[in-house]
Amino acid sequence: MATLKEVQTQIGAVKKTKQITKAMGMVATSRLRGAQTAMHGFRSYAEKFSEVLGSLSEKAGNDASPLLVPREEVKKINIVLCTSDRGLCGGFNVNLTGKAGSFVKDSAIGAEVEISFTNFGKKGKDWCKNNNFSIVDEHIGVVGTKFGFNIASTAGRKLVDGYLSGDYDEVYIIYSKFISMAKQISTLKQVLPIPAIEKSIEDIEEDAPYVAEHICEPSPDEILGDLLPRSIYVQLYSALLETSTSEHAARMAAMDNATNACNDMIDRLTLAYNKARQASITADLMDIVGGAEALKG
Amino acid sequence: MAENIYLEVVTPEKEVISEKAQIVMAPGSLGEFGILSGHTPFLTTLKTGMIKYTDEKGLERFVFVSGGFAEALPDKVTVLAESAERRKNIDLDRAQKALERAEKRLDDNKKKDVDFVRAQAALERAIRRIDIAKTR
Numbered sequence: 563m564a565t566l567k568e569v570q571t572q573i574g575a576v577k578k579t580k581q582i583t584k585a586m587g588m589v590a591t592s593r594l595r596g597a598q599t600a601m602h603g604f605r606s607y608a609e610k611f612s613e614v615l616g617s618l619s620e621k622a623g624n625d626a627s628p629l630l631v632p633r634e635e636v637k638k639i640n641i642v643l644c645t646s647d648r649g650l651c652g653g654f655n656v657n658l659t660g661k662a663g664s665f666v667k668d669s670a671i672g673a674e675v676e677i678s679f680t681n682f683g684k685k686g687k688d689w690c691k692n693n694n695f696s697i698v699d700e701h702i703g704v705v706g707t708k709f710g711f712n713i714a715s716t717a718g719r720k721l722v723d724g725y726l727s728g729d730y731d732e733v734y735i736i737y738s739k740f741i742s743m744a745k746q747i748s749t750l751k752q753v754l755p756i757p758a759i760e761k762s763i764e765d766i767e768e769d770a771p772y773v774a775e776h777i778c779e780p781s782p783d784e785i786l787g788d789l790l791p792r793s794i795y796v797q798l799y800s801a802l803l804e805t806s807t808s809e810h811a812a813r814m815a816a817m818d819n820a821t822n823a824c825n826d827m828i829d830r831l832t833l834a835y836n837k838a839r840q841a842s843i844t845a846d847l848m849d850i851v852g853g854a855e856a857l858k859g
Numbered sequence: 257m258a259e260n261i262y263l264e265v266v267t268p269e270k271e272v273i274s275e276k277a278q279i280v281m282a283p284g285s286l287g288e289f290g291i292l293s294g295h296t297p298f299l300t301t302l303k304t305g306m307i308k309y310t311d312e313k314g315l316e317r318f319v320f321v322s323g324g325f326a327e328a329l330p331d332k333v334t335v336l337a338e339s340a341e342r343r344k345n346i347d348l349d350r351a352q353k354a355l356e357r358a359e360k361r362l363d364d365n366k367k368k369d370v371d372f373v374r375a376q377a378a379l380e381r382a383i384r385r386i387d388i389a390k391t392r
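Line by line, the protein sequences give chains A and B.
Add 562 to the 1-based position in the first sequence for my numbering, that's all there is to it.
Add 256 to the 1-based position in the second sequence for my numbering, that's all there is to it.
Here chain A stands alone, though its shape is the one from the complex:
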């Protein structure tokens, strides 16, 4: 049986932990709001962008840009891994690195493939180092903060250049897709070569009122050549935004759980404390009664 003093110290310690987890949860909540606003702000751009890209790709040939043509032999793959810089967000990073791990394993089967990583976030970088994967490029201090489009375009440009110069034959991105506050899914997406852009039936119906064809200046192929690299940046930016939002949501949930666990622990310890106190009082009483009886004797 723990002594009264010991239990008291434990209760104090758990209470302090609870304060920290509660504060972290609250910080995550407010940052989540910021991240969500950024995500919504980007949506109108992204939607318009893919709309124009879709209608252009119909007009332009499939070989309008080398970014559209798949390579026959895939020997070098680059993976853009988006994780958070900091921990304390439940299984968030483990899910993402796990996704990367299984992808590496799958693509290594039956073929000699050289895999390199572009890292966003410290956790992914550490994971790559522990597993001896080569890191081409790393960006720390981006995910989870407020960042501009230029971060995505700078990193995206490197990917496009690397693809064109033959440093990579395929580029994938692994990020956490934000579904809802309670659900974030680790997602793997092919970025390069750009998968054929398909237009859904819905889009076609929507465009129906505009029967007139666009006049393009310069030619559709040239505009497409200009837009395609940019579509990579757009994808990267949106992946980073989603990962940031997911990180905060995951941390919020993790901190909420931790705070609840602290409450449970405090309840249990308080019970133990009360029992111990009761026991010591009973023991004291027994002593007094025993003493009094002896005096009567």
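Each hint should be verified, as a subset may be incorrect.
[Stated by the list, open to error] A few chain B positions that, by computed beta-carbon distances, are all more than 12 Å from chain A:
hint : residue
1    : 259
2    : 269
3    : 270
4    : 276
5    : 281
6    : 286
7    : 296
8    : 306
9    : 343
10   : 356
11   : 358
12   : 374
13   : 376
14   : 384
15   : 392
[Stated by the list, open to error] Restraint-style ranges between C-beta atoms, simulated for each label pair:
hint : chain 1 : residue 1 : chain 2 : residue 2 : range
16   : B       : 297       : A       : 628       : 27 to 37 Å
17   : B       : 349       : A       : 599       : 20 to 30 Å
18   : A       : 582       : B       : 310       : 35 to 45 Å
19   : A       : 574       : B       : 352       : 50 to 60 Å
The set of hints was computed from the structure by calculation and includes no laboratory data.
For glycine and all other residues, C-beta sits at the position ideal for the given N, C-alpha and C.
With the hints as your guide, set chain B onto chain A.
Then chain B, alone, in the frame of chain A:
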């Protein structure tokens, strides 16, 4: 008087402009163009430069854009740009510093033209920003 046309300027970070305009002038990559309501569908890439438009009240407005393209429909012009700022929001100090930085980089890179294209683009952005801001 002709009907007004709806102008939207959007960057990845936010919507910069969303209002009606009488006329929109924009720097297309093959030359500057003007758009009035009822324009035939038109799509073009844009140079780094200035969009000039007249708002509903007839006031001239100026906007810096870079790295974008524009789509015109009969009732609407949409400009998607990597960066865009209204003239009054241009940070002159920052542009001036960017100008110095870009000039320095171009000097350093005379031997090895590694980031020549990017430095030149940065230089152009800075010059355009300063030009526009100076007309305030």
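Structure-based check of all given hints:
no.	hint	result
1	259	holds, 17 Å
2	269	violated, 6 Å
3	270	violated, 5 Å
4	276	holds, 18 Å
5	281	holds, 15 Å
6	286	violated, 5 Å
7	296	violated, 6 Å
8	306	holds, 18 Å
9	343	holds, 20 Å
10	356	holds, 18 Å
11	358	holds, 14 Å
12	374	violated, 8 Å
13	376	holds, 14 Å
14	384	holds, 17 Å
15	392	holds, 24 Å
16	297(B) to 628(A): 27 to 37 Å	holds, 28 Å
17	349(B) to 599(A): 20 to 30 Å	holds, 27 Å
18	582(A) to 310(B): 35 to 45 Å	violated, 57 Å
19	574(A) to 352(B): 50 to 60 Å	holds, 56 Å
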